[in-house]
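*Asks:* Protein chains in written order, with our numbering: chain A, 163 to 663; chain B, 163 to 663.
Incorrect hints may appear among the rest.
One copy or any two copies: either way a pair holds, since identical chains are not told apart in the list.
As the list claims (entries may be wrong) - Listed next, the in silico DSS-like pairs over lysine-lysine satisfying Cα-Cα at most 25 Å (straight line):
1) 522 - 306
2) 374 - 522
3) 374 - 599
4) 522 - 345
5) 210 - 599
6) 195 - 341
7) 195 - 345
8) 195 - 371
9) 599 - 341
10) 401 - 210
11) 374 - 401
12) 374 - 341
13) 341 - 312
14) 306 - 401
15) 371 - 522
What the hints contain is simulated information worked out from the structure, not anything from laboratory work.
Owing to the predicted nature of the structure, the values given are computational and were not obtained by experimental measurement.
Number of protein chains: 2
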Amino acid sequence: MSLIRASRLLRLSTTPALRLSSSKACPPPSQDKPNFPCVDAHAARESKLIASRAPRFEVTDNADTGPEPAYARPNPTTYHTYHHPHPLPLTYSTTPLPAFDIAYETWGTLSPERDNVILIHTGLSASSHAASTPANPAPGWWEKFIGPGKAIDTNQFFVICTNVIGGCYGSTGPSSIEKATGKPWATRFPIISVFDMVNAQFHLLDHLKIHKLYASVGCSMGAMQSLAAGWLHPDRVGKIVSISGTARSSPSAVAMRFAQRAVLMADPNWNNGFYYDGLPPHTGMKLARQIATITYRSGPEWDLRFGRQLRTLPSDATTQSSSAASMDASYPSQSRSPALCPDFLIETYLDHQGESFCLKYDANSLIYISKAMDLFDMTLPALQALNIRRRVPHQSAELSPSQAQPHKTSHSKSHPPPVNPPAYLPSLAAGMAPLAKIPTLVLGVQSDILFTVEQQREVADALRMAGNDSVSYYELGGVWGHDTFLIDTLNVGGAIRGFLS
Amino acid sequence: MSLIRASRLLRLSTTPALRLSSSKACPPPSQDKPNFPCVDAHAARESKLIASRAPRFEVTDNADTGPEPAYARPNPTTYHTYHHPHPLPLTYSTTPLPAFDIAYETWGTLSPERDNVILIHTGLSASSHAASTPANPAPGWWEKFIGPGKAIDTNQFFVICTNVIGGCYGSTGPSSIEKATGKPWATRFPIISVFDMVNAQFHLLDHLKIHKLYASVGCSMGAMQSLAAGWLHPDRVGKIVSISGTARSSPSAVAMRFAQRAVLMADPNWNNGFYYDGLPPHTGMKLARQIATITYRSGPEWDLRFGRQLRTLPSDATTQSSSAASMDASYPSQSRSPALCPDFLIETYLDHQGESFCLKYDANSLIYISKAMDLFDMTLPALQALNIRRRVPHQSAELSPSQAQPHKTSHSKSHPPPVNPPAYLPSLAAGMAPLAKIPTLVLGVQSDILFTVEQQREVADALRMAGNDSVSYYELGGVWGHDTFLIDTLNVGGAIRGFLS
Numbered sequence: 163m164s165l166i167r168a169s170r171l172l173r174l175s176t177t178p179a180l181r182l183s184s185s186k187a188c189p190p191p192s193q194d195k196p197n198f199p200c201v202d203a204h205a206a207r208e209s210k211l212i213a214s215r216a217p218r219f220e221v222t223d224n225a226d227t228g229p230e231p232a233y234a235r236p237n238p239t240t241y242h243t244y245h246h247p248h249p250l251p252l253t254y255s256t257t258p259l260p261a262f263d264i265a266y267e268t269w270g271t272l273s274p275e276r277d278n279v280i281l282i283h284t285g286l287s288a289s290s291h292a293a294s295t296p297a298n299p300a301p302g303w304w305e306k307f308i309g310p311g312k313a314i315d316t317n318q319f320f321v322i323c324t325n326v327i328g329g330c331y332g333s334t335g336p337s338s339i340e341k342a343t344g345k346p347w348a349t350r351f352p353i354i355s356v357f358d359m360v361n362a363q364f365h366l367l368d369h370l371k372i373h374k375l376y377a378s379v380g381c382s383m384g385a386m387q388s389l390a391a392g393w394l395h396p397d398r399v400g401k402i403v404s405i406s407g408t409a410r411s412s413p414s415a416v417a418m419r420f421a422q423r424a425v426l427m428a429d430p431n432w433n434n435g436f437y438y439d440g441l442p443p444h445t446g447m448k449l450a451r452q453i454a455t456i457t458y459r460s461g462p463e464w465d466l467r468f469g470r471q472l473r474t475l476p477s478d479a480t481t482q483s484s485s486a487a488s489m490d491a492s493y494p495s496q497s498r499s500p501a502l503c504p505d506f507l508i509e510t511y512l513d514h515q516g517e518s519f520c521l522k523y524d525a526n527s528l529i530y531i532s533k534a535m536d537l538f539d540m541t542l543p544a545l546q547a548l549n550i551r552r553r554v555p556h557q558s559a560e561l562s563p564s565q566a567q568p569h570k571t572s573h574s575k576s577h578p579p580p581v582n583p584p585a586y587l588p589s590l591a592a593g594m595a596p597l598a599k600i601p602t603l604v605l606g607v608q609s610d611i612l613f614t615v616e617q618q619r620e621v622a623d624a625l626r627m628a629g630n631d632s633v634s635y636y637e638l639g640g641v642w643g644h645d646t647f648l649i650d651t652l653n654v655g656g657a658i659r660g661f662l663s
Numbered sequence: 163m164s165l166i167r168a169s170r171l172l173r174l175s176t177t178p179a180l181r182l183s184s185s186k187a188c189p190p191p192s193q194d195k196p197n198f199p200c201v202d203a204h205a206a207r208e209s210k211l212i213a214s215r216a217p218r219f220e221v222t223d224n225a226d227t228g229p230e231p232a233y234a235r236p237n238p239t240t241y242h243t244y245h246h247p248h249p250l251p252l253t254y255s256t257t258p259l260p261a262f263d264i265a266y267e268t269w270g271t272l273s274p275e276r277d278n279v280i281l282i283h284t285g286l287s288a289s290s291h292a293a294s295t296p297a298n299p300a301p302g303w304w305e306k307f308i309g310p311g312k313a314i315d316t317n318q319f320f321v322i323c324t325n326v327i328g329g330c331y332g333s334t335g336p337s338s339i340e341k342a343t344g345k346p347w348a349t350r351f352p353i354i355s356v357f358d359m360v361n362a363q364f365h366l367l368d369h370l371k372i373h374k375l376y377a378s379v380g381c382s383m384g385a386m387q388s389l390a391a392g393w394l395h396p397d398r399v400g401k402i403v404s405i406s407g408t409a410r411s412s413p414s415a416v417a418m419r420f421a422q423r424a425v426l427m428a429d430p431n432w433n434n435g436f437y438y439d440g441l442p443p444h445t446g447m448k449l450a451r452q453i454a455t456i457t458y459r460s461g462p463e464w465d466l467r468f469g470r471q472l473r474t475l476p477s478d479a480t481t482q483s484s485s486a487a488s489m490d491a492s493y494p495s496q497s498r499s500p501a502l503c504p505d506f507l508i509e510t511y512l513d514h515q516g517e518s519f520c521l522k523y524d525a526n527s528l529i530y531i532s533k534a535m536d537l538f539d540m541t542l543p544a545l546q547a548l549n550i551r552r553r554v555p556h557q558s559a560e561l562s563p564s565q566a567q568p569h570k571t572s573h574s575k576s577h578p579p580p581v582n583p584p585a586y587l588p589s590l591a592a593g594m595a596p597l598a599k600i601p602t603l604v605l606g607v608q609s610d611i612l613f614t615v616e617q618q619r620e621v622a623d624a625l626r627m628a629g630n631d632s633v634s635y636y637e638l639g640g641v642w643g644h645d646t647f648l649i650d651t652l653n654v655g656g657a658i659r660g661f662l663s
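Extracted from the complex, chain A is given alone in its bound form (with noise of 0.2 Å):
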């Protein structure tokens, strides 16, 4: 119950206490006590939150809405807001969301047919501002493969990103206001699916009056939502393109995604989500993105890039440790010694990816989305295990896993059916019969360790399996892992420039 209140007495007596009677009884003489600035950071980085938030603390008055996080203060003018004002049905509720904001920006122009329309769909932390805008001409996420006579060309294509539901930059999430209490949702906010953040969406479209998508296009997360799209609306669904997706999250990218949420949620200042009002868990943050990293490049990518070299040392940096782990002596290639905090360049490197992201995304949108992704699985027991009313005609296409059978022809004759498929394929199959008529376009990485590609495999074969003849699948070596698709335009976005002309 309220162990954590307890822990935060004890914190604040007990411990106090011990490092009393510690610099009592022991004090390690200063000038021989090493220094991690690796360590301080994390201590500097909330002083200087503290600072920065001074005022409002002495406002007491003002407290009860409390300001904005500064990673969550978006700037509405740059973006497209749709409220709106009807319930959200939700998968794993039987409470709907009494009502939502979707922020979304668009590229091109809406041909007068309204079917030249393509959503892209985000990946975890990112936001609508996929490429500029005269609005805000920063560039964006997808910049590099959407604009004129790019992968995504805005001559020919009406192109929409959305903010996720759940996510931080204008749309509804956890760091929201709930309108019955006034405050933020924080961990009140009901667990979301892939497929809420699609049915949002498409209330978007519908408010848009767009029927039809020509395409819905995603990567990563963004993958998930576009066969979600598929399988929600397949009327209104004219292709899909899934990269460096999955259609089932695997134990192993769950496990490492829990391991970001536990360090985020170890956080003190997490606080159980509720730390809108105080300082954010940035330290959780920065180290999740820490290990986030890791799995968005790849080991072969580091070995190139930086090998085993050292980080640059300032000519007079003798604050690195000031006692024995910095004693003078020789070290690969260099005249220094080692340290505990980062050394290598490759430590300095998730140290920095890290520290730039720690303040830039709410950390309970990172805790949801996150687990959105985890219980993405479409395989048919789990999709009809779900709380979804698909209001779609063709019902009857859907195949039991025992009608599902591996397809005739192969789409591509670079990859023939599987030979040791997993258990689970005739039911993910099943699952995905919906998307049989869908030309679909998988895309994967063969380096990606965090949606592998014997994931993508799997996408293609279950469709395939499920009868669509229209499926066009691409691997792609390369070193870049799960971030090629943010930086291989010739190789992704040639394929998605071919699929969707």
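Fit chain B to the given chain A structure using the hints.
*Replies:* Chain B only, in chain A's frame:
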């Protein structure tokens, strides 16, 4: 400098005010605030630790030495200790370790010729207790591999296993008392290398009057030590067994160990390493072990073992979440709603692994030894930069990188000379030239993501390139990943038995 201290003051002075202001201004109704047992567990553990140590804190005059933490209370009656009263030169330090203890256990009988000795090197966190003994009948960490008639046959061999220096199971490490101060070294302990660990072991061998090892055997970090033993003392090592190790830590392995150190060092209890008179960083240790466990096993194993199964919920489990997150809804395979705390079996498995380890091992030992692993690099320039004086008769046998050539004959038909060797392979071959005359078994596992199979091939290739005609190389399939060496008695045990006979 004292940012950490400043932060601690801030935490004590400012943060409570925030909480106060928070709880005054916006108190979420307690019946509406979700509970998180996985987070409460940290506080509960802390309370339990405080309670178990309460008497100590009352005895302030005894506080200058402080009792050892629970995980570092080795029982010296269950192992032997060799005290080396002379300084041990260190790789990265001009100041030697003034003296050291090394804990060890033995199995089997030393032959009159003292020529049947096998030295077993441990992985990161293991003790000298590799197998049960009369003094300590508990199963050892390699119980299935050591004993009469087993892969390492104690009817034939006299087997020694030590706790490495830097460790916390009886050998000198950061938790040991520094004689000059009468206090634990903590992070005043010097950075150590794998070579330092091996040097200490050879002082033990000198003490035991064992000139030459029949074999030096190690897995994981133990494999690094095994190779280092051959490099430091080629005339004293008869055979080398290197299982799931490396001769050059890769940036991706460094990344995964960095993530563990980072979460550990961010735990406020870590206190820059000076926690021995306070509470250990048990939360950081749990989080670090969770990350480590991900690298020790493999996705394919988890697919088979856990799949997407959910944990079994106690029938009366109403505490998982008291509000939104536990609303009654259908959920894959089970009629309950998902939770933000561990929910899938893979999550509860990782949680359990972390929980059961977090008070077993010293956090500073983990930091120092994992750093030693990162620093391990047998390429010639890296070795030349070290502060190591090898007393080797055949220094002339060493090759320059340009002299090293792919060896003409390959020992194993299954492993021809590499097609695309890494650029540093000649440099690694040159560095490993002192091992050219030592028969070596190199064994790796294809599902190992920490010490990848590419690194196993690298060790074998470098040895062959250095002119070693007696390299036995095995690559195992199977799903157990890095931990295979703890599990697979049939294949790992068989290869060892065959190689040693």
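*Asks:* The structure should be examined with respect to each hint, and the outcome stated for every one.
*Replies:* Now for the hints, and whether the structure bears them out:
In this homomeric assembly, residue 522 and residue 306 come within 25 Å of each other (Cα to Cα) only inside a single copy, at 22 Å, whereas the closest approach across copies is 50 Å. Taking the shortest Cα distances, residue 374 and residue 522 never come within 25 Å of each other, neither inside one copy (34 Å) nor across copies (59 Å). When the C-alpha separation of residue 374 and residue 599 is checked against a cutoff of 25 Å, the pair qualifies only within one copy, where the shortest distance is 14 Å, while the shortest distance between copies is 71 Å. For the homomeric pair residue 522 and residue 345, the shortest alpha-carbon distance inside one copy (21 Å) is at most 25 Å, but the shortest distance between copies (42 Å) is not.
Taking identical chains as interchangeable, the C-alpha atoms of residue 210 and residue 599 are never at most 25 Å apart, the minima being 55 Å within one chain and 59 Å between chains. Taking CA atoms no more than 25 Å apart as the test, residue 195 paired with residue 341 passes between copies only; the shortest distance there is 16 Å, against 51 Å inside one copy. In the homo-oligomer, the alpha carbons of residue 195 and residue 345 lie at most 25 Å apart only across protomers (13 Å), although the nearest pairing inside one protomer, at 45 Å, exceeds that limit. With identical chains, the CA atoms of residue 195 and residue 371 are never at most 25 Å apart, being 66 Å at best within one copy and 39 Å at best between copies.
Taking the shortest alpha-carbon separations for residue 599 and residue 341, neither the intra-copy value of 42 Å nor the inter-copy value of 76 Å comes in at or below 25 Å. In this assembly of identical chains, residue 401 and residue 210 lie within 25 Å of each other by CA distance neither inside one copy nor across copies; the values are 48 Å within and 57 Å between. In the homo-oligomer, the alpha carbons of residue 374 and residue 401 lie at most 25 Å apart inside one protomer (10 Å), although the nearest pairing across protomers, at 70 Å, exceeds that limit. In this assembly of identical chains, the alpha carbons of residue 374 and residue 341 never lie at most 25 Å apart, being 33 Å within a copy and 77 Å across copies at closest.
For the homomeric pair residue 341 and residue 312, neither the shortest alpha-carbon distance inside one copy (42 Å) nor that between copies (68 Å) is at most 25 Å. In this assembly of identical chains, residue 306 and residue 401 lie within 25 Å of each other by CA distance solely inside one copy; the values are 21 Å within and 55 Å between copies. Taking the closest pair of Cα atoms, residue 371 and residue 522 never come within 25 Å of each other, the shortest separation being 33 Å inside a single copy and 61 Å across copies.
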